[in-house]
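Protein chains in written order, with full-length UniProt numbering: chain A, 1 to 280; chain B, 1 to 280; chain C, 1 to 280; chain D, 1 to 280.
A couple of the hints might just be wrong.
The list treats identical chains as one, so a pair stands whether inside a single copy or across any two.
Stated by the list, open to error - EDC-like cross-link-like pairs, simulated, lysine to aspartate or glutamate; straight-line CA separation at most 16 Å: (1) Lys95 <-> Asp29; (2) Lys122 <-> Glu39; (3) Lys208 <-> Asp150; (4) Lys95 <-> Glu77; (5) Lys5 <-> Asp150; (6) Lys5 <-> Asp142; (7) Lys180 <-> Glu170.
These are calculated hints, taken from the structure and not from any lab test. Small disclaimer: the values here were computed from a predicted structure and weren't measured.
There are 4 protein chains.
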Amino acid sequence: MAGSKYAYVRNFELPDPLLPGTFMVFRLDGHSFHRFSDEHGFTKPNDIRALELMDHAAKDLMEQHSDIVLAFGESDEFSFLLRKSAALYNRRQSKIISTLTSQFTSSYVFRWSSYFPDCPLKYPPSFDGRLVLYPSAREIRDYYSWRQTDTHINNLYNTTFWALVQQGGESTTQAHATLKGTVSKQKHEILFSRFQVNYNALDARFRKGSTLVREEISEQSLPTTEELPPTQDLPPSETAAPSPIRMRGRKKPRTTIVVLHCDIIKDDFWDTRPEILSDD
Amino acid sequence: MAGSKYAYVRNFELPDPLLPGTFMVFRLDGHSFHRFSDEHGFTKPNDIRALELMDHAAKDLMEQHSDIVLAFGESDEFSFLLRKSAALYNRRQSKIISTLTSQFTSSYVFRWSSYFPDCPLKYPPSFDGRLVLYPSAREIRDYYSWRQTDTHINNLYNTTFWALVQQGGESTTQAHATLKGTVSKQKHEILFSRFQVNYNALDARFRKGSTLVREEISEQSLPTTEELPPTQDLPPSETAAPSPIRMRGRKKPRTTIVVLHCDIIKDDFWDTRPEILSDD
Amino acid sequence: MAGSKYAYVRNFELPDPLLPGTFMVFRLDGHSFHRFSDEHGFTKPNDIRALELMDHAAKDLMEQHSDIVLAFGESDEFSFLLRKSAALYNRRQSKIISTLTSQFTSSYVFRWSSYFPDCPLKYPPSFDGRLVLYPSAREIRDYYSWRQTDTHINNLYNTTFWALVQQGGESTTQAHATLKGTVSKQKHEILFSRFQVNYNALDARFRKGSTLVREEISEQSLPTTEELPPTQDLPPSETAAPSPIRMRGRKKPRTTIVVLHCDIIKDDFWDTRPEILSDD
Amino acid sequence: MAGSKYAYVRNFELPDPLLPGTFMVFRLDGHSFHRFSDEHGFTKPNDIRALELMDHAAKDLMEQHSDIVLAFGESDEFSFLLRKSAALYNRRQSKIISTLTSQFTSSYVFRWSSYFPDCPLKYPPSFDGRLVLYPSAREIRDYYSWRQTDTHINNLYNTTFWALVQQGGESTTQAHATLKGTVSKQKHEILFSRFQVNYNALDARFRKGSTLVREEISEQSLPTTEELPPTQDLPPSETAAPSPIRMRGRKKPRTTIVVLHCDIIKDDFWDTRPEILSDD
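Let the hints inform the model, and build the full structure from the sequences given.
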């Protein structure tokens, strides 16, 4: 066949399977989002449109991959947990990283105008992704505790910083100087005494980030969760369906993906959702 | 510091540097593009809007990474060559794969409406990417020969197939049967005798794919190349600039990226562009 | 400094750290030991001198690496378990694989004449080694069950095979034919009815392989274990000592390495030695 | 089949093929050889018995692997070059590293008593090994220049140091102090003026290390090379024989492995042996 004398170049494509039986965390980060948020006039310290757009792109990704059992996002990053037994793309690293990054990016750009109807994209934003393996549930708990602690630290800082600038009339240089060396309690006090802001009463979204999980659909309403626009526009789930063995004789309940803004450091979140860290 | 007791989870992020001194080929492929092209009414056998959109996204990627010295595309795939000495992102594999895939995807969605003004995107398309290392120039030559041979084989088949269907009135099943076992010469004859199509006179874009290279900007016009819409809307190149050592005392000529539809199997293309396979 | 212009070649040495928090199994196999055992007149089906030499080399390796908490051997192979928290050589893969293989090989050759005093080595024997990561205790249990089941299957086959040849007067070809398609029970019957051999009464070493563990030294004797020749001739343990944190305030009991020939498939072995699979 | 329910543990053995079309350098280093040489009374600064034993083990390794086309050793290390097209063990990294390390170690221990007839081994010595890929001939040249430069630097230092101690009556502390900050020329002068030693007249083995290559066997004698004891005792070459395609119609000359002590930094060595860096 024509071309076959060149086909040897495929031998340089080396296999890159990931270790079985481990949890995968896939983390996406916005690429140069400092500049991107400036150019597109994001509200400081938090732009609710931008955060909801991130949530929507994350939800799209979960719709497409049943192996993703949890996602946590803050600012311009999102961390997706793939179940221990996940077999998507035969656990080939490059395939997983590139596909998930592409799908998230594509959703983000595709849905931009729904969240920023008056602000057209000036240029195409991008993300980078990395995949980390964790052998046990303990490390997954600690990973998500690490991210949510980071959310808290960043948001408290940013909230105080922008209050000093926007309401306190300080320059950004002054505001950084004011906050230098302060501990958490002092920032709470600055917010309360100078700006009458009770930090703990702020929107939980900003303080706790966004946590996406699957919940069974029941007759009752789901009052703690938000509605995202429907996503009939997505292609059908493309990840290989669960294996026959796992499904046999088990009627799978219908689920929906919900966005929570709750504590995921304490045990309660995990105790009530044992399926997230299960071995299946 | 708060959160530090969880920070050990970062130890699970393992380094993934690529071997220095090797060429990298980064290949992108459309994900489920058979369905995507159907849903968006792509013209068969070739949709020029879709091909130009691919070219534009590829050009955007080259604008952002001076380490990319060549790109070749056909259908829904593109193969980018990174120079042997490329140091982008310290040659970290996941970072490169995820960033390039994301940037290409983002450009594709961002520019969609310029090429398909009457056909809004129904859902977000995606791509997967892989990175292959090649030690020597010989293998790079053979890699691109392999892709362009593939372009030729596919396009000849598809052109004949769709002539049988669209002009010859055959069903797709019949057309596949008609072509089964035919060699190249027979397909040329079918096209010529039954449909008065001289295959070699068809648009070189379809027969040769798209080859993107950098060319020095001179006073003369560049008659063999096409103009793509300007891309002032892109963020400035983000890859680390060439090292001072390499640049010292060498005035770098201004270059522009051009799209060619030429033979890249024979020596001529490469002999006239020695910088592509150079060791620098 | 002289030579520094060449030192860039070190940049091609890429890092190869193994995922933390996982068990490592290091398995050694004799290289072309079929020929080696023939050339050195090993007794069939089992040569106790050769097995004891393997055990001794394994014990030497455990003496040198406190991270090895278990070893199981049969025939010309040995599987070493490194504790989950093992940090030897910073978990660098090549360093671990090459060093352990070298140390085992060296012990094997060094001690050869103690076990084969009348049979000088005709040529230097060698081993290959591989390292496999397992995320959880369950897989370690199953790994060792796999190996001990293999021991049983091979030994039953070989015992029956060599009885047919040595006592039954069959050629090796005939013996293979006799055994073809037989199940376990039939082999037991051949041994018993034709050769008056009760398989289950054979030396446990042959039926169960060798299991090496550390046991605390107490006043009482250790009647279930064998004595190996003393190894004062080994260099002092070279693996980095346990970290100060792990040791603090814990008086480490003195231990010795013992060789057992017991069942390691059932729970009992593991339940009485919880330290083997512990997270520390 | 019995045991099959455990066989899934093999799925955790991941492939580790090395990039094709690259040179491999396999470097062995003695493990804790400072102590080992003390315990076994090695002559300072160079022990010819120990160096010849290293050479012999290296020669054994080359006998067993026709893919090894060059070896260079100094002190307790050896660097083996595998040809670009080497296919041994399908280029599986762990298999190559562990097997070569084991074979070298085994030869070293096996042949110890031939070189140290009056000094029995006190304990089993060991080596570690690493494998580095190099894409081009230029890097191989520089790699070996790096090693031979290192030989020169170390040997000049050690020769001067031990002259100060053994003949000059300095303590080792004093000798280090004497040499601190000296450049090459000064060391030559110390040797010459104080000890009447012309460094360049010392045995080339010490100054240049040992270089092993294959040479065609001809009628003429090979006056520049040394004879090593014959090695009929080695098992037959076990690496897969050269592929039929490469051999077809080419009568392979008979070769022998010779040990040289020559300059391998300048071009001459390489120009007269083009097969070492060839693409085949």
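Results of checking the hints against the structure:
1. Lys95 <-> Asp29: between (18 Å within a copy, 11 Å between copies)
2. Lys122 <-> Glu39: So Lys122 and Glu39 pass the 16 Å test inside one copy only (8 Å; across, 27 Å).
3. Lys208 <-> Asp150: within (10 Å within a copy, 51 Å between copies)
4. Lys95 <-> Glu77: between (20 Å within a copy, 15 Å between copies)
5. Lys5 <-> Asp150: Result: close only across copies, 12 Å inter versus 54 Å intra.
6. Lys5 <-> Asp142: Classified as between: cross-chain Cα gap 9 Å, same-chain 52 Å, threshold 16 Å.
7. Lys180 <-> Glu170: within (14 Å within a copy, 58 Å between copies)
Figure legend: structure checked against the earlier numbered hints; every hint is met.
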